[in-house]
Amino acid sequence: MSASLPSGPRPRRLTPGRIGLYAFLLTAAVFFLLPLWIMLITSLKPMEEIRLGNILALPMAPTLEAWGKAWSSACTGLDCNGISVGFWNSVRILVPSVILSIALGAVNGYALSFWRVKGANVLFGVLLVGAFIPYQVFLYPLVRIFSQMGIYNSLTCIVLVHVIFGLPTMTLLFRNYYAGIPIELFKAARIDGGGFWTIFLRVMLPMSVPMLVVATILQVTGIWNDFIFGLTFAGRENLPMTVQLNNIVHSTQGERAYNVDMAATMLAALVPLAVYFVSGRWFVRGIAAGAVKG
Amino acid sequence: MSAVSIRDVSVAFEAVRVFDGLSLDIEEGEFVVLLGPSGCGKSTLLNAVAGLIDVADGQIFIGGRNVTWEEPKDRGIAMVFQSYALYPRMSVRENMSFGLRMAKTPKAEIGRRVAQAAELLQIGHLLDRRPDQLSGGQRQRVAIGRALVRDAAVFLFDEPLSNLDAMLRNELRVEIKRLHARLGKATMIYVTHDQIEAMTLADRIVVMRDQKVQQIGSPAEIYGRPANLFVAGFIGAPQMNFLNGRLEAEGGGLSFVAGTLRLPLAGYAFNGAPPVGEEVVLGVRPEHLALAEAGLWQGFGVDIVEPMGADTVLWCSDGTHTLQVRTTGTSRITRGERVGLGLDPEQVSLFAADTGERL
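Here the protein sequences line up with chains E and V, keeping their order.
The first sequence lines up with residues 1 to 294 when you count with UniProt numbering.
The second sequence lines up with residues 1 to 359 when you count with UniProt numbering.
Wrong hints could be hidden among the right ones.
Just the calculated beta-carbon pair ranges, DEER-fashion [claimed, not checked]:
(1) Gly184/V with Val122/E: 46 to 54 Å
(2) Val122/E with Ser2/V: 35 to 43 Å
(3) Asn170/V with Arg12/E: 45 to 53 Å
With the C-beta cut set under 10 Å, the calculated list includes, among others, these residues of chain E facing chain V [said to hold, decoys possible]:
(4) Pro182
(5) Leu185
(6) Ala189
(7) Gly193
(8) Thr198
(9) Glu237
Worth flagging that the hints you see were computed from the coordinates, not collected in a lab.
Built from N, CA and C at the ideal position, the CB exists for glycine as well.
Could you build the full structure based on these sequences and the hints that come with them?
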């Protein structure tokens, strides 16, 4: 009676469970997308439309005026040069911080995984503890140290802070990645005559592309979104975009320019957003790459 | 002068001593296999020779030069690993030439040596591929090729065939043996837990267990005159039969006695004075037991018949003792048959029951 036995693909059915699942996913998507959507449409409306109070309505006369104003002429306290100043400050903080923290983290992870430094485990443990202590605890001591050194309130200072605080995570990331690479590969390279740097640069680093991508995403978003370090260490000349955004939103006199605030916020969020869109695929791949041998 | 000389070497991990004062001399052109179960320290010893782990004590000489404190690259060695350890982001050609490029060898020389090694291993058509585009067997060929181009005096193999399937393993085993013959003066140290590889490849086998050398000898010696119970049991498949019994003097000579089984030991070459009256273990290989109607030992019945193609293994029992007997593959003996067993005292091994050492 083989004809009555199941054979071939199982028939697809829309079960109540499925419907519930889709409903949940849809709700979650709306929940997270709605604020973004409202910010976007509000930033495109002139103030007259916003005053009508219908925040979900599409703009009747869409205009980029608020964006232009947010970028170049919104007031952050006494200066009225828009958020562009903060944008370029953030870029100047971001680039060296990201490159240095990743480079140091990768070298650290490599040394800890392969070169059996005396006390490597203790060192690693200390680094890990560093990753879990709340930042606030360090603020005051660091301010004192940096003013003693005479670099407080400078670009060097804020970059240094980002590198220091990025190091535990970056080291952890790369150490774990390198721990998954067979030690024999390292041994083969040593027999072939590679030294500390040649093995790192010519064998290990080319294998680390997925991890480099993950590290870049983490550091770019983390450092771009930073507020407290920028406020504390960067000094008035180098305040990052997040701090200036805050100043714009909170220093309005008279009527609150919601469209400008929204546009400025969108501008500040553009970099992390772009990073996610461009590298989301790589991000997932990099995280998964840790699980299986490369 | 030996090619490799390991003198009183001790290795320690943290506070744990892995070896204590291990010594071994290897002649030029010799193929030495370090054989033992996992965790016996054979790979550690190989890594110490390669300079990949530090020795806590003792000296290592390669080609008459004390290399105890030298970097791996300066020791004149090449190494092949179990996991191939090919550089994943480099082509086969780049993999093979990496060491030479590190040593700043002239380009023409690199090209010549890579081409030569590639031809020897028949991987010329793979030179521009990446390791992930190769099969396991091809990868290990490339790894061997990478070792070859180094022009080393000593080649170290760390279980190079263990990741391959059975057929490829046989194929590459033969290839390694052929390579050794062709290279002539190249000394090879080969670590494995596979006794077939050890028996087929080695000039000399070093059997190890628990970080101690159990026996050093030619494959024939190791197989024919195992130094202790561990070596006897570890080498040979199916395993050697062991019978617990006693050494007794009767008539003019000595006999092994285990219950109803007796074996007069005329012709057995004792290592020292035979311990008459003591507990001993008799070891006899399955192929040294012959089915004979008028055999010395009677009253055995066939329990299990294992046909293996070329030969057949019979599990024979007399109720108290079970013995494996190897017979021809064409044997027509079936389960339940009564058989007699004959054996030659010159081919058996006797061990002291307490120490396990050969008598």
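To see whether the hints hold, each was checked on the structure:
1. Gly184/V with Val122/E: 46 to 54 Å: 50 Å, holds
2. Val122/E with Ser2/V: 35 to 43 Å: 42 Å, holds
3. Asn170/V with Arg12/E: 45 to 53 Å: Holds: the Cβ-Cβ distance is about 49 Å, inside 45 to 53 Å.
4. Pro182: At about 5 Å, which falls below the 10 Å cut-off, the nearest Cβ of chain V leaves the hint on proline 182/E intact, so it holds.
5. Leu185: 5 Å, holds
6. Ala189: 7 Å, holds
7. Gly193: With Cβ-Cβ at 4 Å, under 10 Å, it holds.
8. Thr198: Where the cut-off is 10 Å and the nearest Cβ of chain V is about 7 Å from threonine 198/E, the hint holds.
9. Glu237: 43 Å, violated
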